[in-house]
Amino acid sequence: MELIAKVVVICVVVALTALLLERDTPELGLLLTLGAIAVVMGFALSYYREIREMVDTLLSQSGLDGALFVPILKIIAISMVARLGGDVCRDSGKKALGAVVDLAGTFCALLAAEPLLRAALSLLTQLGGMG
Amino acid sequence: MDVDLIFKIAAIGIIVAVLNQLLVRSGREEQALMTTLAGLVVVLMLLVQEISDLFELIKNLFQL
Chain A
16 MELIAKVVVI CVVVALTALL LERDTPELGL LLTLGAIAVV MGFALSYYRE
66 IREMVDTLLS QSGLDGALFV PILKIIAISM VARLGGDVCR DSGKKALGAV
116 VDLAGTFCAL LAAEPLLRAA LSLLTQLGGM G
Chain B
76 MDVDLIFKIA AIGIIVAVLN QLLVRSGREE QALMTTLAGL VVVLMLLVQE
126 ISDLFELIKN LFQL
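Which chain is which? The protein sequence lines are A and B, in order. According to the working numbering, the stretch in the first sequence is residues 16 to 146, in order. According to the working numbering, the stretch in the second sequence is residues 76 to 139, in order.
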């Protein structure tokens, strides 16, 4: 609760200041937004280890292979970075650049999901062989 | 959380915006542009390290 309250306060103050700056120097408003993104993301990610420990416990109890979870983590990171990057481009009025970032993120996510797809394919092949 | 960075950028931005307005009103558009550029470079130098740190953190945490 403390985290979200701090994040909301910081983001609202930054949004108001960026609005003020964008009247004369829009590029500095965008840079202020970028700075706030870096700070808030760093703060939010500092809590990530606790979540990871919980997920690891769940994985060990369910008996699933931990290696299958790694692509999911990678896709989460890729989507996070791509979404933020795309939205920053869109905020500066460059929608085409935002779309390119989204597309690149999609391709990277597909590449990261490749081991999962291969595992699913081999499972299907095995099932087909059994039937 | 390093909130000081946000305050630094906001302060630089406000100072640059005020200088920009003063210079434009006194008919020195070129110097206003130079002031904006200087502010931009200073803020970029502050930000690049922070963004690089953020990407390193994401790479380490998510095993990219």
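Honestly, the hints are just simulated from the structure, not real lab data. Mixed in with the good hints, there may be bad ones.
Claimed, not checked - Covered stretches of chain A (chain B as the covering partner; in silico rule of three or more C-beta atoms under 8 Å from a C-beta of chain B):
#, segment
1, 43 to 51
2, 88 to 95
3, 115 to 125
4, 131 to 137
To be verified - Listed next, the in silico EDC-like pairs over lysine to aspartate or glutamate satisfying Cα-Cα at most 20 Å (straight line):
#, chain 1, residue 1, chain 2, residue 2
5, B, K134, A, E42
6, B, K134, B, D79
7, A, K89, B, E131
8, A, K89, A, D71
9, A, K21, A, E42
10, A, K21, B, D77
11, B, K83, A, E65
12, A, K110, A, E37
13, B, K134, A, D71
14, B, K134, A, E65
15, A, K21, B, D79
16, B, K134, A, E37
17, B, K134, A, D117
18, B, K83, A, D117
19, A, K110, A, E17
20, A, K109, A, E42
21, A, K89, A, D106
22, A, K89, A, E129
23, B, K83, B, E125
24, B, K83, A, D39
Remember, it's a predicted structure, so these values are computed and weren't measured experimentally. Glycine is no exception: its CB is placed at the ideal position from the N, C-alpha and C atoms.
Hints and how they fare:
no.: 1; hint: 43 to 51; verdict: holds (count 7)
no.: 2; hint: 88 to 95; verdict: holds (count 6)
no.: 3; hint: 115 to 125; verdict: violated (count 0)
no.: 4; hint: 131 to 137; verdict: violated (count 0)
no.: 5; hint: B:K134 / A:E42; verdict: violated, 28 Å
no.: 6; hint: B:K134 / B:D79; verdict: violated, 24 Å
no.: 7; hint: A:K89 / B:E131; verdict: holds, 14 Å
no.: 8; hint: A:K89 / A:D71; verdict: holds, 15 Å
no.: 9; hint: A:K21 / A:E42; verdict: violated, 25 Å
no.: 10; hint: A:K21 / B:D77; verdict: holds, 12 Å
no.: 11; hint: B:K83 / A:E65; verdict: violated, 31 Å
no.: 12; hint: A:K110 / A:E37; verdict: holds, 18 Å
no.: 13; hint: B:K134 / A:D71; verdict: holds, 18 Å
no.: 14; hint: B:K134 / A:E65; verdict: holds, 17 Å
no.: 15; hint: A:K21 / B:D79; verdict: holds, 14 Å
no.: 16; hint: B:K134 / A:E37; verdict: violated, 32 Å
no.: 17; hint: B:K134 / A:D117; verdict: holds, 19 Å
no.: 18; hint: B:K83 / A:D117; verdict: violated, 31 Å
no.: 19; hint: A:K110 / A:E17; verdict: violated, 34 Å
no.: 20; hint: A:K109 / A:E42; verdict: holds, 13 Å
no.: 21; hint: A:K89 / A:D106; verdict: violated, 26 Å
no.: 22; hint: A:K89 / A:E129; verdict: holds, 11 Å
no.: 23; hint: B:K83 / B:E125; verdict: holds, 13 Å
no.: 24; hint: B:K83 / A:D39; verdict: holds, 18 Å
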